[in-house]
Amino acid sequence: MTAYIIRRLLLLPLILFGITLIIFGMMQLLGPDKLLAAYVDPNTFDKLTEEELEALKEKYGLNDPMVVRYAKWLNGVLHGDLGWSVVGKMPVKDALLQRIPYTAELAIYAIFPVVGVGIWLGMIAAVHRDKFIDHAIRIFAVVGWSFPDFVFGLFVLMVFYSWLGWLPPGNLSLWADEVVRSSQFHHYTHILTIDSLLNGRLDIFWDDLRHLIGPIMTISWLWWAYLLRITRSSMLEVLNKEYIRTARAKGLDERVVINKHAKRNALIPVTTVGGAMVINLFAGTVIVEVIFNRTGLGRFTASAATQLDYAAIMGSALFYSTILVLGNLVIDVLYAVIDPRIRLG
Amino acid sequence: MRQETKRTLRRFMRNPSSIIGISILVMFTLVAAFAPYIAPPINPMDPSRKISNPYIMPKITWKAEPIPPSSRSDAIKSFIIKAMKKQIYKSKKEDLIPVVEHILSRVEAGHLCEAYSKSYKIKSEVKKELLKMIPKLKKSGLSDPKSLINSYMSEDFVLVCSKAAEIDQNFAKFLKSFKPENMSKGDLVKIILNASKYLSLKDLEVAAAKLFKINGDVYKWFKDKGYIKRDPIRTIDYHPFGMIDGRDIMYGIVWGTRTAFRIGLIVTFFGTLIGLIVGSIAGYYGGWIDELLMRITDVFLSIPFLVAAIVLTTFLGTGLDKVMIAMIVFGWMGTARLIRGNILQVKEEQYILAAKALGVRDFLIIMRHVIPNTIFPVVIQASMRMGSLVITAAALSFLGLGAPTGYADWGSILNYSRDWILGAQGEAFKYWFALTYPGIAMVLFVLAWNLLGDALRDTFDPRLRG
Chain A
4 MTAYIIRRLL LLPLILFGIT LIIFGMMQLL GPDKLLAAYV DPNTFDKLTE
54 EELEALKEKY GLNDPMVVRY AKWLNGVLHG DLGWSVVGKM PVKDALLQRI
104 PYTAELAIYA IFPVVGVGIW LGMIAAVHRD KFIDHAIRIF AVVGWSFPDF
154 VFGLFVLMVF YSWLGWLPPG NLSLWADEVV RSSQFHHYTH ILTIDSLLNG
204 RLDIFWDDLR HLIGPIMTIS WLWWAYLLRI TRSSMLEVLN KEYIRTARAK
254 GLDERVVINK HAKRNALIPV TTVGGAMVIN LFAGTVIVEV IFNRTGLGRF
304 TASAATQLDY AAIMGSALFY STILVLGNLV IDVLYAVIDP RIRLG
Chain B
123 MRQETKRTLR RFMRNPSSII GISILVMFTL VAAFAPYIAP PINPMDPSRK
173 ISNPYIMPKI TWKAEPIPPS SRSDAIKSFI IKAMKKQIYK SKKEDLIPVV
223 EHILSRVEAG HLCEAYSKSY KIKSEVKKEL LKMIPKLKKS GLSDPKSLIN
273 SYMSEDFVLV CSKAAEIDQN FAKFLKSFKP ENMSKGDLVK IILNASKYLS
323 LKDLEVAAAK LFKINGDVYK WFKDKGYIKR DPIRTIDYHP FGMIDGRDIM
373 YGIVWGTRTA FRIGLIVTFF GTLIGLIVGS IAGYYGGWID ELLMRITDVF
423 LSIPFLVAAI VLTTFLGTGL DKVMIAMIVF GWMGTARLIR GNILQVKEEQ
473 YILAAKALGV RDFLIIMRHV IPNTIFPVVI QASMRMGSLV ITAAALSFLG
523 LGAPTGYADW GSILNYSRDW ILGAQGEAFK YWFALTYPGI AMVLFVLAWN
573 LLGDALRDTF DPRLRG
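Residue numbers (this note's numbering), protein chains in the order written: chain A, 4 to 348; chain B, 123 to 588.
The reader is advised that the hints may include incorrect statements.
[To be verified] List time: in silico BS3-like cross-link candidates among lysine-lysine, alpha-carbon distance up to 27 angstroms:
1. A:K37 - B:K199
2. B:K215 - B:K324
3. A:K75 - A:K62
4. B:K128 - B:K199
5. B:K199 - A:K92
6. A:K92 - B:K324
[To be verified] Listing some non-contacts, in silico: residues in chain A with all C-beta distances to chain B over 10 angstroms:
7. E54
8. L56
9. F115
10. F158
11. W166
12. E245
13. I247
14. T249
15. D256
16. A286
17. I316
Keep in mind that the hints were calculated from the coordinates and are not lab data. Just so you know, even glycine gets a beta-carbon here, dropped at the ideal spot from N, CA and C.
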């Protein structure tokens, strides 16, 4: 167990190093001229002569050998200097930090319906194998898994915003936004649902929730389908095991067999998938945030990409990858704790 | 062997999901093959002329009316600003004050600052105020704020203002403390016109409502007045799926089928090929080569697929080929892991050991025993991935990173539709066709590949066999 965790921890810096290599390598595709554009004000850029351009390249070290440039860049990254973001109009690090709470709020709230309903549906399908309800749930899963999130999100907007007017896009209504920006509103956690409750503003809490439901529905829809398929097949596998037959043979109540004997074992593989999914939720918010026009990491990345804000793109890619790597580490360790077979193997 | 193949085939063909999947795919293939006959690529202005690149959706424009704008909110914004301009010059100073007050409360400090700065007198006042803040700016780590302010004063005024506003929240308050009542009409006009660019559509509508004294639906009011002329149209005769942004939706869907097949097949083929090579090398040779290749795979897996595709596409420059390259570069790891695991497993099987003991050559062992026993999971995985790859490519186009403007691609059509879908208030489903038809095409395409993959897995997965 300890050896396993130590091995994973030793690999961690190696993988992070590899990620910086890939991201730096991708940036080199731009060539020195475009890289220079990241340093120089675009308005003056066109007016510069050849010699001035060369001088600037020399000044920012763009003519240095790649190894030197990589070392410089890595040094900056390690000290938290990710460059200046044109889109955010502030250093990339600050821009990312400012947007984390918005995305975290969305991802965290999305976990509950996704995991809860997804596993529940999968269990029902497995228990009622080949009955009508199983077929219905499976059809739902196949169709849901084939539904691109941006198509579904746009349908949600059309029905619940344009038609019914229940779930508006954006982060907050205008009036609520004004209150939140005012000095009377205290930001304790930067997660708005919690802050609004701490400030005693139930109306803002409700307003925030209204803006969250649409994106959460969109995220859940896709992942339900995925999670319920895995839960169903894992549960079916367990239900065919000898010990389930034994439990039934000794006359146990069917509910006890399902809930105590089968469910617990069936959920072990679901945990890994579920954990990996939760991490992917973070990256998956890109599209949802763009559709619902929400402030957050995802929309920041998307607008940085469309506006060619190279520093911001690299910063967000690094950030997302670090979250993915650290999250996977935590999940693997947790998994080893839950399942003794992994620990010993 | 023949008996076995026949039995497997029969089982595959009797599986309902394979029947549905295959028939949908056959339909799409036919649509793609007969695209020039279903949606002939002719110039809509002059039907006798063919257009040179059929993948660019022909744009239909009318001489009498302006070109349909690319984005609904942009279009309405520019119409409203144009209309406001006329009204502003006509109206008295008192009418403008509530509008300016509304704008002051809604525009960010930096942009407000710029709007102010456009009027020379006010600019100097702002500068004075900024210079007062020098000690504070110095404390926050700026080495030479004075020259910074001087140099930015001329060019990037927004930047320095927003930076100052960040440092001192009171700065925003200071900007708001300007009293519109004391300003000349000229300054008020300048502020309104400069700042309205930075307003969101909703805020702009409120500002316009205040200026025109409109009660109720601003969009409708403008349309009735004739300011906003063009909407997407849906005429049964020529455009069965309707039109968006001057382009025929059916044309886009029909030719987009070809695009979808091309993206899916090319990316899947090369991704699987790279994965096969890496995975077989790692699995067959083992040792440090395996360790190295698998760690590289881990690194590539550590960047979320969509984010990686976005980043690489941005660095390569947009375009469909760039999207495909990005998806291949970050799309081979699953296959590599799968094939490596399978080879490791197969290597230890009795029949391989038996073949080795009989003295069969390595190459023959690989061709006859290893490949047939490891390739099916790869094929299944590839067919399952086809759908999700097409979705990712469409998502990139939807974000504006993929196909160029006007390219027949499902994601691009959705991107056009997006701005119109929210519709006018009270007519939520007015532009339903702009979302529904491309959406159905996309869902069916992905569904077909997923069903096919499911059916293949059910038929060929050894664990379920027998």
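Going through the hints against the structure:
1. A:K37 - B:K199: Measuring from Cα to Cα gives roughly 33 angstroms; hence the hint is violated.
2. B:K215 - B:K324: At roughly 24 angstroms apart (the allowed maximum being 27 angstroms), K324 of chain B and K215 of chain B satisfy the hint.
3. A:K75 - A:K62: Holds, at roughly 14 angstroms.
4. B:K128 - B:K199: The hint is violated at about 64 angstroms.
5. B:K199 - A:K92: OK: K199 of chain B and K92 of chain A at ~24 angstroms, within 27 angstroms.
6. A:K92 - B:K324: With Cα atoms ~23 angstroms apart, K92 of chain A and K324 of chain B stay inside 27 angstroms; holds.
7. E54: Per Cβ check, E54 of chain A is outside 10 angstroms of chain B; nearest 22 angstroms; holds.
8. L56: Given that every Cβ of chain B is farther than 10 angstroms from that of L56 of chain A, nearest at about 19 angstroms, it holds.
9. F115: 22 angstroms, holds
10. F158: 7 angstroms, violated
11. W166: Since the minimum Cβ distance to chain B is about 3 angstroms, W166 of chain A lies within 10 angstroms and the statement is violated.
12. E245: Answer for E245 of chain A: holds, closest chain B Cβ roughly 17 angstroms.
13. I247: 18 angstroms, holds
14. T249: 23 angstroms, holds
15. D256: Check passes; 30 angstroms lies beyond 10 angstroms.
16. A286: About 3 angstroms separates A286 of chain A from the closest Cβ of chain B, which leaves it inside 10 angstroms; violated.
17. I316: 5 angstroms, violated
When the structure is compared with the earlier hints, violations turn up for hints 1, 4, 10, 11, 16 and 17 and for no others.
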